[in-house]
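Engineer: Here's the letter readout for the chains.
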Amino acid sequence: MSEIKTDAFLDLRGVMCPINFVKTKLKLETMGEGEVLELVIDDGEPIQNVPKSIKEEGHKIVEVKKEKEGFFRLKIQKG
Amino acid sequence: MADRFIEDKSTKVAVNLEGMGEKVDFNDLKSGGFIKQRQKDLFVVRLRCPGGRLSTKKLVEIAKIADKYSKKGVVHFSFRQSLEILYVDYKEFNNIVAELEKIGQKVASCGPRVRVPTACGGCEYNPNGLTDTQKMAEMVDQKFFGTPTPHKFKTSFSGCPIDCARTKEMDFGFQGVVEPVWDEPLCTGCTICAQACKEDAIVSDPDSGKPIFDPNKCIFCGDCIRACPTESWKAKRYGHTVRIGGKHGRHPMEAVEVCQFLPDEKVAEAIQKTVEWYNANGKRGERIGNTLKRVGLKAYLDYMEPVFKSGSHPSFKAPGK
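Chains as they are written, first to last, in the working numbering: chain X, 1 to 79; chain S, 1 to 321.
There may be inaccurate statements among the hints.
As the list claims (entries may be wrong) - Listed below are the simulated BS3-like cross-link pairs for lysine-lysine, each with C-alpha atoms no more than 27 Å apart in a straight line:
#1 K23/X - K198/S
#2 K5/X - K210/S
#3 K75/X - K210/S
#4 K210/S - K68/X
#5 K210/S - K60/X
#6 K234/S - K66/X
#7 K23/X - K5/X
What the hints assert, rightly or not - Distance windows between CB atoms, simulated:
#8 A235/S - C17/X: 20 to 30 Å
#9 G79/X - P306/S: 40 to 50 Å
#10 K317/S - K23/X: 34 to 44 Å
#11 D11/X - P306/S: 50 to 60 Å
#12 G189/S - T30/X: 30 to 40 Å
What the hints assert, rightly or not - Computed far set for chain X versus chain S, every beta-carbon distance over 10 Å:
#13 E3
#14 I4
#15 K5
#16 T6
#17 R13
#18 M16
#19 C17
#20 V22
#21 T30
#22 E33
#23 G79
These are computed hints drawn from the structure, not numbers from a lab. Predicted model only: the values in this text are computed from it and were never measured. Quick reminder that beta carbons are idealized off the backbone N, C-alpha and C, glycines included.
Could you build the full structure based on these sequences and the hints that come with them?
Structural biologist: Following this line, the structure appears as C-alpha cells:
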C-alpha cells in the first residue's frame, strides 16, 4: 500500500477526551474537503472514542497504524 | 403475607372520588395522578410525560400553570421522569386540569395500572443509542396508559446496554441491542475494534491485527461497529432485550431476560399479551415478578411464544460472522 499523502498533522498524545476530539474537529474545519489529517492519539480511552466521533461527523478514517509505544497514528480524510 | 408486597399504601393515596365533598367532575381523573400531601387539602399533581420529554413551548405553559396553582411555587421531577406540581389545593383540581387540557398536557397515574413509560434519549440524538426509545415510550403511552392490572405495571426503554432507564428494575423493560457481524475482506487489521470493545469480546490477532471474536462476552452494544473505520463490522439486526419481573421498593427484585432481539414492531404485542397474562394470573396487589415466582416462568413463556419467536432465545450468542 503506497503512503497516503497528508496535508496536516496533529499530535494529541496526553490530551484527554473529549478535548482531543474537539481539537481534531477544529483542525478539520480549517481544511478542505478530501484533504488528509494525520493524527496521533493515545491508547485507551482516546482510541476507543475519537475514531467513533470522527466517523459520526462524516469524515473517513483512511489509515490506522498502531505504534509500539502505546499510541495510534490515524489518517483522516475530511468528509 | 401478601400484604408485605403492597407498597406505597400509606404515602400515595389516590383521590377518593366520593369523599371530596366538592362538585368536581372526576371523569377525566380516573387513573389518579393526584397524590395526597402531608399538608391538609394539598395534593401533588403528577403530569404525564412519557420518556421525560416535553416541547419547550409546552414547558413554558406548564410553568405558568404551576406558578398559578402551586401554593408554594415549586415543582418536582418525579423518579419516573414526569413533572409534578406540588402544593395544589384539591378544590382547584377542575381548573388546573382544564388549563392543562388546553395546552394538551394530561395528568399521569398512580395505583394498579400501566404507568407512564420511562426512557433514555435513545438513538435520535445519543451516540450510544440503538433503538428509538422516545418513539417507543410515546407509542406505549398512547396504547396502554392506565390499563388496569393487579398491581402497578412499570415499563421502560433503554437504548443500549448501559441501561440508563434501568430495565432490570422494571415490571417489563426493553433494552436496545445490535448484533455485530464481521466482513473479513473489508478489514485492514487496524485493531481499533479490539480497543473499542469494553467487554474484551474482541482481541486482535497478534500477526494480522484482525479481530478474534468471543460470542460469550459480547453484550451487543455496537461499540465495534461504531469504531470500525472500514465498515468491516456491521449491524446485522437491531432489537430489544426484553426483561420481566423487576422492581425496586422495599423488596427489590432483578428482572429476568425472556427474549433477545425482539423487533420494534413486536413491542406493542409483547406488552398487550403480557398484560393479558398478568391480569389472568396475578393476584390483586401482586407485582408481576411475584406472580411469575408463584405461577412459574414457563407458563408465561408458553403464553408468549407466538410473540417472542419473532426474536431470539434469551441465551442467544452472536456468531460474529
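Engineer: If a hint holds in the structure, say so; if it does not, say that too.
Structural biologist: Here's how the hints hold up against the structure:
no.: 1; hint: K23/X - K198/S; in the structure: 25 Å, holds
no.: 2; hint: K5/X - K210/S; in the structure: 25 Å, holds
no.: 3; hint: K75/X - K210/S; in the structure: 19 Å, holds
no.: 4; hint: K210/S - K68/X; in the structure: 17 Å, holds
no.: 5; hint: K210/S - K60/X; in the structure: 20 Å, holds
no.: 6; hint: K234/S - K66/X; in the structure: 22 Å, holds
no.: 7; hint: K23/X - K5/X; in the structure: 21 Å, holds
no.: 8; hint: A235/S - C17/X: 20 to 30 Å; in the structure: 24 Å, holds
no.: 9; hint: G79/X - P306/S: 40 to 50 Å; in the structure: 45 Å, holds
no.: 10; hint: K317/S - K23/X: 34 to 44 Å; in the structure: 40 Å, holds
no.: 11; hint: D11/X - P306/S: 50 to 60 Å; in the structure: 59 Å, holds
no.: 12; hint: G189/S - T30/X: 30 to 40 Å; in the structure: 31 Å, holds
no.: 13; hint: E3; in the structure: 15 Å, holds
no.: 14; hint: I4; in the structure: 12 Å, holds
no.: 15; hint: K5; in the structure: 18 Å, holds
no.: 16; hint: T6; in the structure: 16 Å, holds
no.: 17; hint: R13; in the structure: 15 Å, holds
no.: 18; hint: M16; in the structure: 16 Å, holds
no.: 19; hint: C17; in the structure: 13 Å, holds
no.: 20; hint: V22; in the structure: 15 Å, holds
no.: 21; hint: T30; in the structure: 22 Å, holds
no.: 22; hint: E33; in the structure: 18 Å, holds
no.: 23; hint: G79; in the structure: 12 Å, holds
Every hint, counting from the list given before, is met by this structure.
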